[in-house]
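Asks: Residues per chain are reported as follows:
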Amino acid sequence: MKKTLCFYFQVHHPVMLRKYRFFDIGKRHDYFDDYVNASTIKRVVNHCLPMNDLLLELIRRYEGKFKVAFSISGMALEQLELHAPQAIDSFKRLADTGCAEFLAETYPHSLASLSDTDEFENQVRHHMKKMKELFGQTPVVLRNSSLIYSDQIGERVAEMGFRGMLTDGAKHVLGWKSPNFLYTNAINPKLKLLLKNSRLSDDIAMRFSDKSWNEWPLTADKYADWLSDSAKESEIVNLFMNYETFGEYQTAESGIFDFMRYLPEAVFSRGDFEFLTPGEVIKKHQPVAPLHVPYPISWVDEERDITSWLGNELQTEAFEELYKVQEKVKRSDDEALKRDYERLQASDHFYYMRTKLFSDNEFRRYTSPYDSPYEAFINYMNVLSDFILRVEESDRKRDEKPETRKTKKR
Amino acid sequence: MSIRVLMFGWEFPPHIAGGLGTACYGLTKGLASQGVRVLFVMPKAGGDEDQSAVRIINASDVEMMASWTEWEKYKENVRFMEVGSNLVPYMSPDLFEKTVSETVEGKRASGKISYGNKFQFSGKYGANLMEEVGRYAMVAGTIAAREQFDVIHAHDWLTYMAGIVAKKVSGKPLVIHVHATEFDRSGEHVNQEVYDIERKGMEEADRVITVSNWTRNIVINRYGIAPEKVVTVHNAVDFKNSEDTAEERGVKEKVVTFLGRITFQKGPEYFIEAAHKVLKRYPGVRFVMAGSGDMLAQSIRRVAQLKMATHFHFTGFLKGDDVQKMFRYSDVYVMPSVSEPFGISPLEAMRSGVPSIISKQSGVAEVLKHSIKVDYWDVDALADAIYGLLSYPALAKVVGESGFEEVNNLKWENAAIKIKKVYEDLFV
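Line order of the protein sequences matches chains R and Y. Each residue of the first sequence is one higher than the last, beginning at 833 in the numbering used here. Each residue of the second sequence is one higher than the last, beginning at 679 in the numbering used here.
Heads up, some of the hints might be wrong.
[Stated by the list, open to error] Simulated restraints, written as ranges between beta carbons of each label pair:
(1) R:GLY930 x Y:ASN891: 37 to 45 Å
(2) Y:ASP1103 x R:ALA870: 50 to 58 Å
(3) Y:ASP1058 x R:ASP1165: 33 to 41 Å
(4) Y:GLU866 x R:PRO882: 48 to 56 Å
(5) R:LYS859 x Y:PRO691: 45 to 53 Å
(6) Y:THR993 x R:THR1083: 54 to 62 Å
(7) Y:ASN891 x R:GLY968: 54 to 62 Å
[What the hints assert, rightly or not] Covered by chain Y, per the in silico footprint, the following chain R stretches (three or more residues, Cβ under 8 Å):
(8) 848-857
(9) 1135-1146
(10) 1202-1210
The hints are simulated quantities; they were obtained by calculation from the structure and are not laboratory data. All C-beta atoms, glycine included, are put in the ideal place defined by N, C-alpha and C.
Construct all of the structure, not just a fragment, from the sequences and the given hints.
Replies: Structural data, given as structure tokens:
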């Protein structure tokens, strides 16, 4: 049996907040920076369209033998629809080949899986609806924001009917075990787990253009040799990366597009691997063991944990306040309110509040639009304060409706 | 072999008017811990200075030499040093006590200085400052001829002339240390004489140390000094003498504090305008402006005009324990300086666990991470930061606690290591 190579790309862009001062609270409800959002998404599209074209070219050239998977957040899709509809068309063309699988995720790329509300389930359903609408696919595999995963989250995902989920092959969870096999959720074995191979993924995503790396320059042949070497003791190699790798982190001048153009050929000529999508992986392979993940992991930082989003008191405070109003937002029939609520949940807002990397100046790709986490927090809380006022107002109005009043009297 | 430094300062604790003396104290102690021997010269020593780390020479006790040719060269310069009107780095002129002996002054004017004469220095800042600066330089020459040392280190413009003379007399390398420039003190209305002395000092120096990159840029761009000669060594802070005692609060409202000289440089008007914006939305807060200065009257008028005098208070000049007390009384500390070479007061606030907001136009902004930074002119951003710290308890807690930890890790030893490196590079 051939080994499996599984490419998965993440596409996400939050709807950025504008500078929202405290004197705006109660007065202005436009929280988002339309100009910045439009220009950011247009810049991103300039990088992502060439990669889409290349993938389409490869899928056609290898007549269905080259395959990839995507998860595109609802935030990214909304902004693409608005500012760059040609990118949506391009993704649709990829979907039409049958060789691009679209995974489920939370619509706003949120941390809802870490709250005890049913917001997570709602957002995943919202996202699935969008996938069906745009790409005609009903996802069977889920990918949570930044590959956040725990036994409990996996159990929820299994209960929702998913059969597969992506997460990180975090060393502190795997121990001596290899990420290059299929695992299952520790509570519900029906849910199969695909684990990111960090070394081989990051060779492309992080190190490709790093001239101080002793393997630079990386050629498709060299990389295919590494894959062949790993094939002896593995079944699946999961290459999970951010889509911005192509053209943004690794610029066109670095040769990343040429590398990707010749990689399939290099892989096929060695004969060990075939390309499959996550949905196919869980059908083809048998899980080797349950994976115990009592505390949430992610694909971020050395620690592979969630402290980048919920690691300090600012973040937990904002998170708690945000989910306190969930029930009331759900009850509301105000569409604008619901839309804003999803947007405010994007994990990025919490990431900007992180303080834990203050002490080291290590290279960070993920830059914050704020000068400091404190400014990020102040801005977010100002917006959230106004949002909560709107929620209370909407809830009060709903209670005043005649039928509700009747129920109360009884 | 340990390096011996002849250091010229203007003040040294306990007799200080501003941050310069405190910085000199911390720095000399740090240098001592690095095995550097410092001979510290100041115009008027009180005799009660802490000499555990340095030997202090009181310039008022130094007898002038009879045959000092260098003086001839410099008396021209000295004679032109007229009293300037805004030469008041720290204190108001009324605090200046004239203690210069008239007889000595008379002899200086006629150029007749003979062996055995001493100058009396006030060691303060005021109307006769320029004359003192000149006489201090003369005494410096005498000391330089008498003492053994490897390098000369002069702090701020008041001592640059002394440093230059000592260099001419001894031939030893000169390091000048810029704690502030005329542009910080006076904005664009610089006093030409002070500027000239500053630039002369920087040009004559073999190395220029600046307390921040903010100041380094001013030295390079406004004084035309070669960048490779200018090195930034950030200040630190020494809290050994401050004790923590909880303060009973008399008011239930939160307190937002400005503490510093009420002068152009410190940006008091931005604090007032921001206070006005915050009060409109958040009535449960009081603002305090502690300090005095030439913009005090105008500040009081503005507060009255904005009709917020019941929530905006002036304390006047605070000294000693009252400063610490004020910090402990505060919930938020604000330093909206227009141009601040370093700025030690936010560190003192943070030491008391008070979250601080500082202007980006300050040197201290380069070293602090756990503080909220705004442009001094961005009153909206300042008001927003104040409101955030008042309204979101998690923010005040995190900034306060992280800031406390951060400020306790700023050590003079680290600054001293960098300065020692500057000295060593001169001997190569």
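Asks: Check each numbered hint from earlier against the structure, then list the numbers of those it violates in ascending order.
Replies: The structure breaks only hint 1.
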